[in-house]
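**Student:** Protein chains in written order, with the numbering used here: chain A, 1 to 314; chain B, 1001 to 1265.
Since the hints were made in silico from the structure, they are not lab data.
Treat the hints with care, since some could be wrong.
Claimed, not checked - Covered stretches of chain A (chain B as the covering partner; in silico rule of three or more C-beta atoms under 8 Å from a C-beta of chain B):
hint, stretch
1, 15-23
2, 241-254
3, 270-278
Unchecked claim - Just the calculated beta-carbon pair ranges, DEER-fashion:
hint, chain 1, residue 1, chain 2, residue 2, range
4, B, ASN1036, A, ALA91, 38 to 44 Å
5, A, THR162, B, ALA1215, 26 to 32 Å
6, A, PHE9, B, GLY1011, 49 to 55 Å
As the list claims (entries may be wrong) - Computed from the model, here is a short list of chain B residues facing chain A with C-beta under 7 Å:
hint, residue
7, ALA1113
8, PRO1115
9, LEU1118
10, LEU1122
11, SER1206
12, TYR1231
13, LEU1232
14, GLY1243
15, THR1247
16, ALA1251
17, VAL1254
Treat the numbers as computed from the prediction; the structure is a model and nothing was measured.
From the three backbone atoms N, C-alpha and C, an ideal C-beta is built for every residue, glycine too.
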Amino acid sequence: MLRTIRESFLFSLFLKVVIVTWAASTITFIVMHATPGTYADILTSDLSQYGISPERRQEIIAAYGFDRPVWQQYLLYVGNVFRGDLGMSYAQSQPVGQIIAGQIGPTMELAFASIGLALVTAVAVAVVTVRAGWFGQGLTSVLEVVVVSVPSFWLGLVLLTTLSFGLGWFPASGSQGLWSLVLPAATLAIPMAGTFVQILRPELQNEVQAPYFITARARGRRYYSAVLRHALTHAMLPILTLSASYFAFLVSGAVIVENLFGRPGVGRIMLNAVVIKDVPLVSGIVILSAVAFVVINQSVDRLILWIDPRIEKR
Amino acid sequence: MSQKKLLLIGGAIWALLLLAALWPQLIAGYDPIQSNPLRALKPLGTEGHWLGTDYLGRDVWSRLVHGARPAMLMGLGATAIALVGGVLLGLIAGLGGKRLDTFLNGAFDVLFAFPDLLLALLMITMLGAGNFNALLAIGISGIPTFARLMRGEIRRIRNSEFVMSSTALGVSRRANILRHILPNALGPVVVLASLFVGRAITYGASLSFLGLGPARPTPEWGLMLADAQLYLSMMPWLAIFPGIAITLSAAASVILARALRRTAE
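All chains should be modelled from the sequences, with the hints used to inform the complete structure.
**Tutor:** What follows is the structure in structure tokens.
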């Protein structure tokens, strides 16, 4: 009984989340204390603009526990994080968790739209070019260089200039409706699709030479129908693993894209918080995205094991 | 594209970048900072300003050329921090005892869960914006990647047959590390470093585009892009050229990394 629990997926996921949460809160705590100007100074100096008295300053310091020894502050902070309390935002005097919860919707929309768009584009390009030998080869080698070199914020600017200002097809900013999601999602999807194609194309090339594929063709199945029905299902597994690891790219990308296109979301408040030095809010976003990264990657690993049990547990 | 041609293009970009970073006056005719309102927002092909001028009348070509220096400093500086920090930590983990290795490897794994731009943003929150702080933040957030690679390489080589046989022949541990393990482990790390230069340039430009890098009027590609945003519909080339500069320098670093990997193999 105990053994099955220890080996179960949920238990190992729980353990990893605990470790990452602890590590993340420790890092943010170290960053807060290792940098010049203590946490308390930043907090009270911002308030002193509004005429804060020395007594009130002491009260604030006591309320946040800054007068206690560092190890006690550390335990207090980490303990709070584990209880889901990420602290209060300096600038918005609201719990950090509440602020993030209010902004996570548009960011998730953006993330899912970009992943979806990247997958559809990559599959389409790979399927169409799998037969074209030298052209596809050249495409892959050019993509390899271009995809990692084009900065996403510039890609967004180029899309804005041509499709929004030039042709007037898409709104330049805002988050009204599905149409305004296209350009921001494309900005993040294009580099991802480039990477996916590089992996998907060789995989597909192997699959179309496999005996099962030739059998399917011999039974009279059309080429593209056989590719979509048989080869693609096999070739998609590595892409699935890869798209999970792209979570970090999406979070970083959201900071850039949301600010570029004037969309609401976690990336937008993140940049704002960095500029005004709202440390609890920045730390909260960093901790949550590290935890989300672990949960997503573990779940996708598990999903792949379920789809293809031949793959051994690592 | 053939390998040779690609390498030639990469080399040409590197040469141009280094020239622009070291002696910008040689290829840029104007002061990149001095503004001249009478000549503001000249279009492409204007006599004397073939790439036009920006909203303060500064020559776009000259600003592009002078932008190579901050970009190269960012690329090389951040890479140096990530490389040195990562190699040292990787060495300690790879050569140390089992317990130390388990602990450090766990730490690298955990750090890997942080999106690196967010880690850089966290540091900038505390240090404040600015060129040097952005460089520091990008460099430090790259350390886990290098450390992981270095540690893995050392573990692999340490248990390989040729090291075991040289130990069996009586070569001391120290000589083994210096003569066999280190030189072999550094190969992939150097490839990663050349790749990281381009990534650091792109990240640096992203940070200054977001307003967290150097202050105006520094001629810096990310800042130039941020300023160009207002004129996108009228003068899109103001945004096109700095982007091409960033893309080319990142591409040059990818090409170099590919060439190095091929040589190593």
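**Student:** Give a verdict on every hint.
**Tutor:** Each hint tested on the structure:
1. 15-23: holds (count 3)
2. 241-254: holds (count 5)
3. 270-278: Our answer is that it holds, as 7 residues pass the Cβ test (under 8 Å) against chain B, meeting three.
4. B:ASN1036 - A:ALA91: 38 to 44 Å: holds (40 Å)
5. A:THR162 - B:ALA1215: 26 to 32 Å: holds (31 Å)
6. A:PHE9 - B:GLY1011: 49 to 55 Å: holds (50 Å)
7. ALA1113: holds (4 Å)
8. PRO1115: holds (4 Å)
9. LEU1118: holds (5 Å)
10. LEU1122: holds (5 Å)
11. SER1206: Because about 6 Å separates SER1206 (chain B) from the closest Cβ in chain A, which is inside the 7 Å limit, the hint holds.
12. TYR1231: Status violated, d = 10 Å.
13. LEU1232: holds (5 Å)
14. GLY1243: holds (4 Å)
15. THR1247: holds (5 Å)
16. ALA1251: holds (4 Å)
17. VAL1254: holds (5 Å)
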